[in-house]
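Construct the entire structure; sequences and hints are all you get.
2 protein chains.
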Amino acid sequence: MNDNKIGTYKFVAEPFHVDFTGRLTMGVLGNHLLNCAGFHASERGFGIAEINENHYTWVLSRLAIELEDMPRQYEDFSIHSWIENVYRLFTDRNFELVNKDGKTIGYARSVWAMISMETRKPADLFTLHGESLNYYASDRECPIAKPGRIRVAPSEPVAEYLTKYSDIDINGHVNSIKYIEHILDLFPMDTFKEKSIRRFEMAYVAESYYGDTLSFYLEQKTENEYDIEVKKNNQEVVVRSKVIFK
Amino acid sequence: MNDNKIGTYKFVAEPFHVDFTGRLTMGVLGNHLLNCAGFHASERGFGIAEINENHYTWVLSRLAIELEDMPRQYEDFSIHSWIENVYRLFTDRNFELVNKDGKTIGYARSVWAMISMETRKPADLFTLHGESLNYYASDRECPIAKPGRIRVAPSEPVAEYLTKYSDIDINGHVNSIKYIEHILDLFPMDTFKEKSIRRFEMAYVAESYYGDTLSFYLEQKTENEYDIEVKKNNQEVVVRSKVIFK
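Taken in order, these protein sequences are the chains called A and B.
Numbered by my numbering, the letters in the first sequence go through residues -16 to 229 in order.
Numbered by my numbering, the letters in the second sequence go through residues -16 to 229 in order.
No lab work stands behind these hints, which were simulated from the structure alone.
Among the hints, a few may not be true.
Copies of the same chain look alike in the list, so a pair counts if it works inside one copy or between any two.
As the list claims (entries may be wrong) - Derived pair list, reagent style DSS-like, types lysine-lysine, alpha-carbon separation capped at 25 Å: (1) Lys215 / Lys147; (2) Lys229 / Lys86; (3) Lys178 / Lys229; (4) Lys(-7) / Lys83.
Structure follows, in structure tokens:
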């Protein structure tokens, strides 16, 4: 872990961050992953605060998490994070989740774009940073599939939700973590009693705002696999998600 | 701060823990306060894990928070916590919120009962602990009013909410922090644009569970003061709250 390309961050599973089974929730894990991305980038000079000065910001595009297990209440755990690739318009950032005994219990992949805060359009990472981001690319293994396609056949929404004060982040958008909570709340408690989540994917497609009505469309693909699409005001798709239980 | 009776814990305001104004949310502050209570008690041998072994647990009864300011995104802050009083059936635990510059920006008071995990009835703290808890009582000042009475005149509910997977904690109850979020979500965004919360109170009266419908009753007391009552399934009161804006 003395590799300067890999950041390692320690956490503990707090009481209000575990679900009724005593396991860390997916929303909280997502929050920690995004924080680790922020710490790692910031420590290397390309965090949001640093690039904001030049009127750019990082936008999360995709997230895929695959888990064998989750930390239990009060357990210590740690997350490693590193960059895998830097493309012209995207970077791939990976994560490894390690439990209290040092055993790897999950991996995650994320895809980020840098956008101009004025035009909201993607920035060309090579023009902006030359090779400096690539210097941090690591060949550490992340043995889970990249985020895939999520397709939901036209149907009736299974739930609607009017966005509220606590959904909104500092940018005025529904925050990335709240979508995860709302999507998992589509499933009945019994699902989480009998099963746990093996793989979870999010595709962030567009922003939604305070007062938008989110409609949730769900298609069961196989016994344990569900694709979800969230539209705002019954028009534009804002996020898609895949949940695979085991 | 070398007083063994006072615990001090450091935090940073994470991006997904601030609201659209960039200030730490009340729910996240509440979560940190309850974590500090846990750390402080556990470090002194009377945390939940320790007393669980004897089949007792701590239950939060009241919380009152008074704020001059809130930490902004990415700012460091710290929380001091100490016990003020130990009574036969309750303890009073106080908190002080200190910003990145070392300035005190808020205080909180909380009231806790110890209950038997089998009977769910309050335990006599003196019989159980003798004088050992009182050893930790500190005379540090907490210059805010104790939690007061909250009364809501009979009316129609302003909102209803069906509890979901993400509301439920490891005990199978709607978690104390989620009530705070749901209560603040009763107010329109404009309220938080124009005002900030000066004082916030919660009274935890009874437990609610997965699948309960929560009804929110709200009475405006003065221009900036609101009392809220939450009932489950339109019968029993589960929590009451007071919000005073400035």
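**Asked** So which of those numbered hints doesn't the model satisfy?
**Response** Violated: none.
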